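**Q** Take a look at the letters that make up each chain.
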Amino acid sequence: MNDLFAGFVEAAHLVLTLDNDLVEISLRSLQVSVIAVFIASLIGLPLGALLAVARFRYRRTVIALLNSLMGLPPVVVGLVVYLLLSRAGPFGVLDLLFTPTAMIIAQVIIVTPIIASFSHQALRDLWYLYHDLLISIHTSKAQRMKALLWDGRRALLTATLTGFGRAIGEVGAIMIVGGNIDHLTRVLTTAIALEVGKGQFSLALGLGIVLITIAVVINLAVHSLSKTERGGVW
Amino acid sequence: MVSSILPLTLINVSVRKGAKVILGPVDWELSSSGCTIVLGPNGAGKTTLLRLMHGLQKPSKGEIAWQADFKTVSARQSFIFQTPVVMRRTVLENLIYPLLVRRIPKKDAEREAAEWLEAVGLEDFKQKAAVTLSGGEKQKLAMARALIIKPEVLFLDEPSTNLDGASTVSIEALVKKAIADGTRIVMATHDIGQARRLASEVVFLLHGKIHEISAGGVFFDAPRTNEAQSFLRGDILL
Ligand SMILES: Nc1ncnc2c1ncn2[C@@H]1O[C@H](COP(=O)(O)OP(=O)(O)O)[C@@H](O)[C@H]1O
Ligand SMILES: [Mg+2]
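Keeping their order, the protein sequence lines are chains A and B.
FYI, in the working numbering the residues of the first sequence are 51 to 284.
FYI, in the working numbering the residues of the second sequence are 547 to 784.
For reference, chain A alone in the conformation it holds in the complex:
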């Protein structure tokens, strides 16, 4: 209880004094997660739409695969990306290990199946409503996907935010491929893990509170922005 209270005090102190380190690692957390979620959305949203409208032989297999990839253990993803990017690995020449880019790569792998799977579920329901109409109007497959992605954008926003929540709170993979290097790859989650290791519970808790606050604020901001757009009817 004491630790918890000290944590709040620490968090308030860090935020109110705009602690340099705190600002730096918070911005890096945001940067890595936002870029990763952006890339994952570019892949995951169209993939979800394609799976909703297309009927091909291994569609069910792909969907089952995506659903199981959603539960990929981040530590294993981190390990695999580490091995691929390490000096001896196939992409070693790129020299990406222990950089924010390596962290983004790992997060894209973790988040893409989540966004694809959630958007597929939402767009499948919309496709059920639109199916007859869009076939009757004689739309191309690309036009059908476009209609679903546009008209389903609210649900897709939720899918994307779910991915963001997963990305910004992730620690296992980015710890391995980023290395938690001060002023280079340290982000909120890896900093928390470090402080816990050092026994600095109140600082760790303070960082945790900042992390949760950022996630909540981003969600609220995105939702209220999208609501004002059109009266929040759908």
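Each hint should be verified, as a subset may be incorrect.
Once the Cα atoms are required to be at most 20 Å apart in a straight line, the calculated EDC-like pairs of lysine to aspartate or glutamate come out as [what the hints assert, rightly or not]:
no., chain 1, residue 1, chain 2, residue 2
1, A, Lys196, A, Asp182
2, A, Lys248, A, Asp53
3, B, Lys672, A, Asp201
4, B, Lys674, A, Asp201
5, B, Lys696, B, Glu656
6, B, Lys604, A, Asp182
7, B, Lys563, A, Asp53
8, B, Lys617, A, Asp53
9, B, Lys696, B, Glu758
10, B, Lys723, B, Glu669
11, B, Lys652, A, Asp53
Pulled a few chain B residues facing chain A out of the computed Cβ check, cut under 8 Å [stated by the list, open to error]:
no., residue
12, Ile557
13, His600
14, Leu602
15, Ser606
16, Gly608
17, Phe625
18, Phe627
19, Val631
20, Met633
21, Arg634
22, Arg635
23, Pro644
Read the hints as simulated data drawn from the structure, not as lab findings.
Quantities reported herein were computed from a predicted structural model and do not represent experimental measurements.
We put the beta carbon where it would ideally sit given N, CA and C, even for glycine.
Starting from the structure of chain A, add chain B with the ligands where the hints point.
**A** Okay, now just chain B with the ligands, sitting in the frame of chain A:
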């Protein structure tokens, strides 16, 4: 005018779902003009027949022959569903969608849409989300969206079954106007009054088969089959 996609010929067509033949075999020619009413009790196969002609349903057997290639044929017909399907967009965006799909510039599409909004009385709703319209308004929007591409053939599947009297009157007025403009109408209904008001030809369906085909006046005054007589009397056909 460009050459017509009609007449449409159905040759020995049937549709099977599982082990059950739900439509056919049907042999029929849809002539080039007029308003054909497909009449019959629930489950007779009206929806299936219309979807088959429109291309939403593949025949299990037989042939459906139009007078033009697939692309031309698909571009020149529209379908009105029993439960209106509206997209999660504004009324205006719903209305111009078929034009945008045809790669008509948005400006031109919106100019075209203005006339149709007025024709169906939805001008005041054009920026409203279409899903918030009433059932009758949705069906009027669906009519405008079907007609905006100036189809040669318009299929309507019981368009006013779920609507109140006033909406039914407006839908029928729109159908009459389309007939007057030369649109070939094929409309399913189980409403005898509606059929009488609109039909130039009646196709009476029963148990998935065409039971009787007559000119509109003839069918209502002197139905040839016992089943058509009892259907017109309002008996329940089993
Ligand atoms: N997808 C389907 N699977 C099985 N049976 C169907 C299917 N669609 C329609 N039917 C059956 O086919 C028959 C004709 O249906 P339908 O064409 O909808 O009739 P109507 O429009 O005249 O009421 C009905 O008995 C219906 O139960
Ligand atoms: Mg029906």
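**Q** Holds or violated: A/Lys248 and A/Asp53, Cα atoms, limit 20 Å.
**A** It holds: about 15 Å lies between the C-alpha atoms, which stays within 20 Å.
**Q** Is B/Lys617 within 20 Å of A/Asp53, Cα to Cα?
**A** With a Cα-Cα distance of about 71 Å, the restraint between B/Lys617 and A/Asp53 is violated, given a limit of 20 Å.
**Q** Verify the interface restraint on B/Gly608: the C-beta must sit less than 8 Å from at least one C-beta of chain A.
**A** 21 Å, violated
**Q** Have a go at the B/Leu602 hint: is there a Cβ in chain A nearer than 8 Å to its own Cβ?
**A** 6 Å, holds
**Q** Are B/Lys696 and B/Glu656 close enough, with their CA atoms no more than 20 Å apart?
**A** 15 Å, holds
**Q** Does B/Phe627 pass the interface check with chain A, least Cβ-Cβ distance below 8 Å?
**A** Holds, about 6 Å.
**Q** Is the interface hint for B/Val631 satisfied, with its Cβ closer than 8 Å to some Cβ of chain A?
**A** 4 Å, holds
**Q** Closer than 8 Å between Cβ atoms is the bar; does B/His600 clear it against chain A? Give me holds or violated.
**A** Because about 7 Å separates B/His600 from the closest Cβ in chain A, which is inside the 8 Å limit, the hint holds.
**Q** Please check whether B/Ile557 passes as an interface residue: C-beta within 8 Å of a C-beta belonging to chain A.
**A** 23 Å, violated
**Q** Identify whether the interface hint at B/Arg635 stands, where standing means a beta carbon of chain A within less than 8 Å of its own.
**A** 6 Å, holds
**Q** Is the interface hint for B/Phe625 satisfied, with its Cβ closer than 8 Å to some Cβ of chain A?
**A** 4 Å, holds
**Q** Would the hint linking B/Lys723 and B/Glu669 be met if the CA-CA limit is 20 Å?
**A** Answer holds: B/Lys723 to B/Glu669 is near 19 Å, not above 20 Å.
In terms of the numbered hints stated before, the structure departs from hints 7, 8, 9, 11, 12, 15, 16, listed from lowest to highest.
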